[in-house]
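Once you've looked at the hints, dock chain C with the ligand against the given chain R.
In case you want the letters, here they are:
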Amino acid sequence: MNILLSWLRDYIDIQVPPLQIADALMMAGIEVEAIHEPGKHLQKVVVGRILTRAPHPNADKLSLCTVDVGQAAPLQIVCGAPNCDPGAKVPTALVGAVLPSGFEIRVARIRGVESAGMLCSRKELGLGDDHSGLYHLPPEAPVGEDIVKALGMDDVVFTIAITPNRGDALSHLGIARELSALFNLPLHRNSLDDARGDGDIREQTAVTLEEPALCPRYGARIVRDVTVGDSPRWLRERLEKIGIRSINNIVDITNYVMMDIGHPMHAFDLDKLAEQRIVVRRAAAGEKLHCLDGVTRALDPSMLVIADARRPVALAGVMGGEETGVTAATRHVLLEAACFDPVTVRKTAKALAMTTDSSYRFERGTNIDNVPIALNLAARLIRELAGGRPVGGLLDAYPAPPPLRRIMLRTRRVARVLGVDLKPAQIETLLLRLKFEVSREGETLWVGVPPFRHDIEQEADLIEEVARLYGYGNIPATLPTLFSQPVLPTPLQRLTGQVRTAMVDQGFHEIITYSFIPTTIHESLREGPPLAIRNPLSEDQGHLRTSLLWGMIDALTRNIFNDEYDLRFFEIGRVFRPDASGFAREADHLCLGCAGPANPADWRHSKEPFDLYRMKGLLGRLGHLLPVEFEFARGNHPALHPARQLEISCQNRRLGVVGQIHPRFRTNKKLPEEWFVGELDLSALSQLKPRKRLMQPIPAFPAIRRDLAILLPKTATFQDVERIVREAGGEILEKCALFDVYEGKGIDPDKRSLALELRFRAKDRTLKEEEVQPKLEAMISQIATTLGGKLRE
Amino acid sequence: MTDNPETLWHQFDEERRRAASSKDAEALRIKYLGKKGPLSALLKTLGSLPPDQRKTAGEAINRLKARLEQAVEQLIAEFAEREADAALRADLPDPTLPGTVLPMGSLHPVTQIGLEVAAIFLSMGFFLAEGPEAEDEYYNFEALNVPKHHPARDMQDTFYLENGQVLRTQTSPVQIRTMEMIKPPFKMIALGKVYRRDSDITHSPMFSQMEGLVVGENVSMADLKGTLAAFAEKMFGRRPTRFRPSFFPFTEPSAEMDVQCIFCEGKGCKVCKNSGWMEILGCGMVNPRVFEAVEYDPEKYTGFAFGMGIERMAMQRFGIDDIRLLFGSDIRFLRQF
Ligand SMILES: [Zn+2]
Chain R
1 MNILLSWLRD YIDIQVPPLQ IADALMMAGI EVEAIHEPGK HLQKVVVGRI LTRAPHPNAD
61 KLSLCTVDVG QAAPLQIVCG APNCDPGAKV PTALVGAVLP SGFEIRVARI RGVESAGMLC
121 SRKELGLGDD HSGLYHLPPE APVGEDIVKA LGMDDVVFTI AITPNRGDAL SHLGIARELS
181 ALFNLPLHRN SLDDARGDGD IREQTAVTLE EPALCPRYGA RIVRDVTVGD SPRWLRERLE
241 KIGIRSINNI VDITNYVMMD IGHPMHAFDL DKLAEQRIVV RRAAAGEKLH CLDGVTRALD
301 PSMLVIADAR RPVALAGVMG GEETGVTAAT RHVLLEAACF DPVTVRKTAK ALAMTTDSSY
361 RFERGTNIDN VPIALNLAAR LIRELAGGRP VGGLLDAYPA PPPLRRIMLR TRRVARVLGV
421 DLKPAQIETL LLRLKFEVSR EGETLWVGVP PFRHDIEQEA DLIEEVARLY GYGNIPATLP
481 TLFSQPVLPT PLQRLTGQVR TAMVDQGFHE IITYSFIPTT IHESLREGPP LAIRNPLSED
541 QGHLRTSLLW GMIDALTRNI FNDEYDLRFF EIGRVFRPDA SGFAREADHL CLGCAGPANP
601 ADWRHSKEPF DLYRMKGLLG RLGHLLPVEF EFARGNHPAL HPARQLEISC QNRRLGVVGQ
661 IHPRFRTNKK LPEEWFVGEL DLSALSQLKP RKRLMQPIPA FPAIRRDLAI LLPKTATFQD
721 VERIVREAGG EILEKCALFD VYEGKGIDPD KRSLALELRF RAKDRTLKEE EVQPKLEAMI
781 SQIATTLGGK LRE
Chain C
1 MTDNPETLWH QFDEERRRAA SSKDAEALRI KYLGKKGPLS ALLKTLGSLP PDQRKTAGEA
61 INRLKARLEQ AVEQLIAEFA EREADAALRA DLPDPTLPGT VLPMGSLHPV TQIGLEVAAI
121 FLSMGFFLAE GPEAEDEYYN FEALNVPKHH PARDMQDTFY LENGQVLRTQ TSPVQIRTME
181 MIKPPFKMIA LGKVYRRDSD ITHSPMFSQM EGLVVGENVS MADLKGTLAA FAEKMFGRRP
241 TRFRPSFFPF TEPSAEMDVQ CIFCEGKGCK VCKNSGWMEI LGCGMVNPRV FEAVEYDPEK
301 YTGFAFGMGI ERMAMQRFGI DDIRLLFGSD IRFLRQF
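Those protein sequence lines, which keep their order, are chains R and C. Residues 1 to 793, numbered by full-length UniProt numbering, are exactly what the first sequence covers, in order. Residues 1 to 337, numbered by full-length UniProt numbering, are exactly what the second sequence covers, in order.
With the rest of the complex left out, here is chain R:
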């Protein structure tokens, strides 16, 4: 919303610099987004009158003008515009002037003729894009006057953003009222207009208010014999300076009243209203209205309309209808000023996907007392500016005027909430400046809320008003003295922190991807039906992710397309799945993504690739953070390579997967054949029961080490072997570690060799060779019979 300083001065005699006004508003909660002073940089441009025009002796398209600028002698100026007609008054830049473009005016010789200035277009003055010719000033502009003054550009436009609670500040009166409180200056209001006129409106129209709950007050006035035409200059200028296009005098007047006192109005062409009367009712199903913006809208009974005897003629508080609007041919006008229920206006505007200056204000609450004031002000302006004759009186359907709202304000409460001891008298003064009514009963104040302050509903709201005017900056800064119970991090919070650190230590870079996934995502990445977003920004963000895999594969892919191949990413984020009743069930997941070397090459090492076992190791060590022992089994996740993947579980809970990305996602040769992802449900993991950590005594007796190399069919797993070895080794087998796997040259192609390091130790004595040997033999024979393996020679 734009606010004009000169307009504010209708109400308040404020003389401080614009920056100080903006600062004060800012510190009172009214944000000033910009201060625009259009005439600030325009100097040495004056009103000139063209006296003569002659063709330039040396150029066809140029004219030679003499221009009266109020100096002793006229200036000779060369001009290229087609409309430098003698008699016209035009902006004349004198020698020394600097135009907004930065162009400096000097005495120049143009094609051999001296030119002592420049005649300007609107564009050259920075007043718009019109460069078709000179800007013809109104004939009454005084010759020689500074153009800034002549055009009323010696003004300041504040662009202001109003929070939704402050509907009362959406006008010049509203801002002036605020400034009057802030600077403690009186607020002037001219004596209000009356409803005098010819005849009696009650005999000429009628208002039927069918829905007083949705429209607590509806007022109407009639002005006859108007001449619809252009608005006078002062009105046009005021509106244009705040960015409202001038339409015709009647419409301009209703807009003016809205920007002046904040009350939206509407003007009907009285002759076009069936039976020349008004009915305020709900729309009937199937009714339509062709609105002023040229769109025909279908209405329903949730919407309030203004109707005549036959049909809707306006969407109450939102927009008027075209058929009954004011046109050049309109003779008699019915003015409407009303108060509509904010919720109904908002619902209607939302349902029809439109916002107007009117609906914006009604949604935020208007001053119900302004209904007659707005009508009488508009009627007077129409009389003065459009030659109309107001009809006497106004129709005012106002079945139940609300009583003055009174709110109790306790001085002690103010002190408790703000932390400042304010005296009752001090509080009273502050509230009076804000136009509240105050009566005092000792420490308690009874505060009457003016009808424009819809945001003041409870004591806390008053405390804010007191604080605002007292100045937030004047409240001291202390620290709370409360004692609160210690609260430890949750297991998930703890685990998340540990995982983050662990992943960074392993060389992984954290990424954050959107929680949205495309509706067209490949089936295999879905893991069940995702939750759908009703109003997504695009199809690409139509669903909520059920896993982090899609975002990870996407991140890897996009980096590889940027020629970055050495990638280790992790993400910790939320996934969403519908529960049995369709509501979101959330969990925090960890996702890893790897492409390129696991250990980059340096001058001593060749690089090592990622593979399934390295991924298994990476994820497996995360279990030790709790600690728990992960189990890995063959997996069947459809987004992963059918053979090269593992499912992770623990304590009978599935925790995640790890594996090579399915070849189907290698949509481009640039993408690697072997790239890996893993996903772990941290929420589930954090709820597992950690293994108890009890100290084991440090061994007191020496161990015996044996290596065992076994040749096995490939169908036998390491786990099969390990189980046998551990069983046969019994209590004295302390360690069984795999240190080599070999297949290939020198070995039967369907066999492989596993080499184990075994360590035997007894707790209470030094072991003897004779105790170990039978164990080894038992192992070998068991492996031979169960697995078909034998000792490798």
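None of these hints come from the bench; they were simulated from the model. We treat Cβ as the ideally placed atom computed from N, Cα and C, and that holds for glycine. Just so you know, not all the hints are guaranteed correct.
To be verified - Rough simulated footprint, nothing fancy, chain R against chain C, three-plus residues with beta-carbon under 8 Å:
no. : segment
1   : 46–52
2   : 99–106
3   : 148–157
4   : 201–215
5   : 251–261
As the list claims (entries may be wrong) - Far from chain C, by Cβ distances over 12 Å, these chain R residues were calculated:
no. : residue
6   : L8
7   : R111
8   : I560
9   : E771
Frame of chain R; chain C with the ligand shown alone:
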């Protein structure tokens, strides 16, 4: 050769000074203490001495022997150590060769700032609360005093799920969920993702917020100012802050906190749009209606709440000019943090 222990020592001492290696020291030992050395010669002269002198002369020779032995040992040890050290230094590595490359990862800049902010509040006795990102409308709006058809809903464009839930537009619903679970007094923060239907160079449909709430029997706006000023000092250094009135449905009075621009020290620059101030967070005293919604007695308890955007702070801290970079997963970007 000499027959006097005294002169023999002096002679040794001369030669000792000239020794330059363990080899020289070894040669000295053989020369003086060897079988053919002057010490043996001296000993042999003992027999020719009268018996009354023999004892004193013998003692003098033995003292000399011990002295020589000790001096030679010391000399040998000194040289041995020096020579061993020289041997160790013979194979000098090139200190400029690169160290073995052990991959180093990074935390996302948003995580880094989030943890930094959280750490400051945790150090002041706050605890970290959690809540869902897909919320019931009640928690995101109604319980926070944002009725269904209130213009305040325009402040945040909301994503709705087909099931009627919303993606939380703020972390404030965690306030409600926390208050439903525990009784005052307490100090809590919540950190997490929020969603608004908006996307451009400064707006992301998903971003992170940190929320804070303090409730007790006598928590005042002065406490709010003190707590947040303490936070700002730890986060941005000692510089002026200011509180401006604002509007949030769930606080009353409401405020916005600005801190003096860290780029221009308040003189005005592009970052602060020439105001000299950076907007950091929104805050206010808990609206009694919010207490009513969670069945806290608004007469007994007062409190303050605050919320801030983490991305914006990360962008300021690291000079990031496009919010979309934060969610682009570009390794060339991430590696820098
Ligand atoms: Zn700055």
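Requested in this report: With a C-beta cutoff of 8 Å, work out whether three or more residues of the segment 251–261 of chain C approach chain R closely enough for the coverage to hold.
Outcome: holds (count 4)
Query raised in the report: R:E771 clear of chain C by more than 12 Å, beta carbon to beta carbon?
Result: R:E771 clear of chain C: closest Cβ-Cβ about 43 Å, beyond 12 Å.
Query raised in the report: Mind checking, does the segment 201–215 of chain C have 3 or more residues with a CB under 8 Å from chain R?
Result: Since three or more residues must qualify, the claim that chain R covers the segment 201–215 of chain C holds, with 3 doing so at under 8 Å.
Requested in this report: Please count how many residues of the segment 46–52 of chain C have a CB within 8 Å of a CB from chain R and say whether that reaches 3.
Outcome: violated (count 0)
Query raised in the report: Does the claim that R:I560 lies outside the interface with chain C hold up, using a Cβ gap greater than 12 Å?
Result: violated, 10 Å
Report task. Classify the label on R:L8 as holds or violated, using whether its beta-carbon is more than 12 Å from each beta-carbon of chain C. Result -> holds, 20 Å
Requested in this report: Report holds if the minimum CB distance from R:R111 to chain C is greater than 12 Å, and violated otherwise.
Outcome: Correct as stated: the minimum Cβ-Cβ distance to chain C is 44 Å, above 12 Å.
Query raised in the report: Do at least three Cβ atoms from the segment 99–106 of chain C come closer than 8 Å to Cβ atoms of chain R?
Result: The restraint on the segment 99–106 of chain C holds, since 7 of its residues have a Cβ under 8 Å from chain R and three suffice.
Report task. Given that the segment 148–157 of chain C was listed as covered by chain R, double-check it with a C-beta distance under 8 Å for 3 or more residues. Result -> Check passed, 6 qualifying residues.
Checked against the numbered hints above, the structure violates hints 1, 8; every other hint is satisfied.
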